[in-house]
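Colleague: The chain contents come next:
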Amino acid sequence: MPALCPALYLLAVACCREHRQEEKRMNWAHDIQAACGGMLIGLSAALFLLLDGRVAGISGILGGLLRRWNRATAGNVAFIAGLLLAGPFYRVFTGRWPAVHIAASLPVLVLAGLLVGFGTRLGSGCTSGHGVCGLARLSSRSAVAVATFMITAFITVFVTRHLIGGGS
Amino acid sequence: MSIIVALGCGLLFGLGLALSGMVDPARVLGFLDLAGAWDPTLIFVLGGAVSVSFLGYRLSRLMTRPVCTEHFDLPTRTVIDRRLIGGAALFGVGWGLVGLCPGPAIVSLGLAQGDGAVFVVAMMAGMLVESLY
Chain A
1 MPALCPALYL LAVACCREHR QEEKRMNWAH DIQAACGGML IGLSAALFLL
51 LDGRVAGISG ILGGLLRRWN RATAGNVAFI AGLLLAGPFY RVFTGRWPAV
101 HIAASLPVLV LAGLLVGFGT RLGSGCTSGH GVCGLARLSS RSAVAVATFM
151 ITAFITVFVT RHLIGGGS
Chain B
1 MSIIVALGCG LLFGLGLALS GMVDPARVLG FLDLAGAWDP TLIFVLGGAV
51 SVSFLGYRLS RLMTRPVCTE HFDLPTRTVI DRRLIGGAAL FGVGWGLVGL
101 CPGPAIVSLG LAQGDGAVFV VAMMAGMLVE SLY
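Chains A and B supply the protein sequences, listed in that same order.
Sequential numbering of the first sequence, starting at 1, is according to the working numbering.
Sequential numbering of the second sequence, starting at 1, is according to the working numbering.
Some hints here could point you the wrong way.
Derived CB-CB ranges, DEER-like [as the list claims (entries may be wrong)]: (1) A:Ser140 x B:Met63: 22 to 28 Å; (2) B:Val67 x A:Arg96: 21 to 27 Å; (3) B:Arg65 x A:Trp97: 21 to 27 Å; (4) A:His162 x B:Met63: 44 to 50 Å.
Stretches of chain A that chain B covers, calculated by requiring three or more beta carbons in the stretch to come under 8 Å of a beta carbon on chain B [as the list claims (entries may be wrong)]: (5) 114 to 121; (6) 144 to 155.
Keep in mind the hints are simulated off the structure, nothing from the lab.
These numbers were taken from a predicted model, which means no experiment stands behind them.
Every residue gets a Cβ at the ideal spot worked out from N, C-alpha and C, and that includes glycine.
With the sequences and hints as input, model every part of the structure.
Modeller: As structure tokens, then:
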């Protein structure tokens, strides 16, 4: 059951405390931070559903802005504004900006953007809509979508990094 | 009210992405690179996110309506068709090329990231093309 994940994880962390190599501990601290960040994302999705009755799918929210504007539009704009404010807020809380390393060249950025935009609308979701919300709702459509985009992303990275080489 | 909720949820979502390190395409590509120095971080992020939102969806089943709106507006389609699989496959290729998906891309815009802005403009263009297609 997904709800058991954090509990199992904390148990695993406790067990591994014995292996106190400096490097290992840094990794664990890092993983715990990642899991906490994930829980914030989950909390956002849960609150959006419980309060506003909607799925927190970013590609859907963004795509909604490109269609005829309706009652949901103001909420979509506000959600995007919240995402835009997240970086500056993070800076205020932690004293540093979140790291962003984009290594791709301009043509690759444009191609990737087009594919992500087109693909997420055609497939009705991305990592948030299908990944976070869809899996949480135990949707089989989302499970298939997640498996599909994970596989093609794994293959793409393998090809660009290890076959072609010199890729990001 | 709905606008404040959406703003707060967007902010929380973005903070979660920033805290988890998923705003950084280099980290995402580290996860997607199975044959390299594999970085499992994304599993912890997804595990944390899905487990909390799973509780939220369970809770929503006990409610007759959301707190701020009239009714729940959830996806109802169940058919697994070529659009779903083809769209997800194309998205995966784009995701693997740069390491950005829609959420982190928009957060990176808020950091005045030039490359992120190029990606977001292309992404919106891709969405526009799909709506005509």
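Colleague: Each hint: holds or not?
Modeller: These are the hints, each one checked on the structure:
{"no.": "1", "hint": "A:Ser140 x B:Met63: 22 to 28 Å", "verdict": "24 Å, holds"}
{"no.": "2", "hint": "B:Val67 x A:Arg96: 21 to 27 Å", "verdict": "35 Å, violated"}
{"no.": "3", "hint": "B:Arg65 x A:Trp97: 21 to 27 Å", "verdict": "40 Å, violated"}
{"no.": "4", "hint": "A:His162 x B:Met63: 44 to 50 Å", "verdict": "49 Å, holds"}
{"no.": "5", "hint": "114 to 121", "verdict": "holds (count 8)"}
{"no.": "6", "hint": "144 to 155", "verdict": "holds (count 11)"}
Hints 2, 3, counting from the list given before, are not met by this structure.
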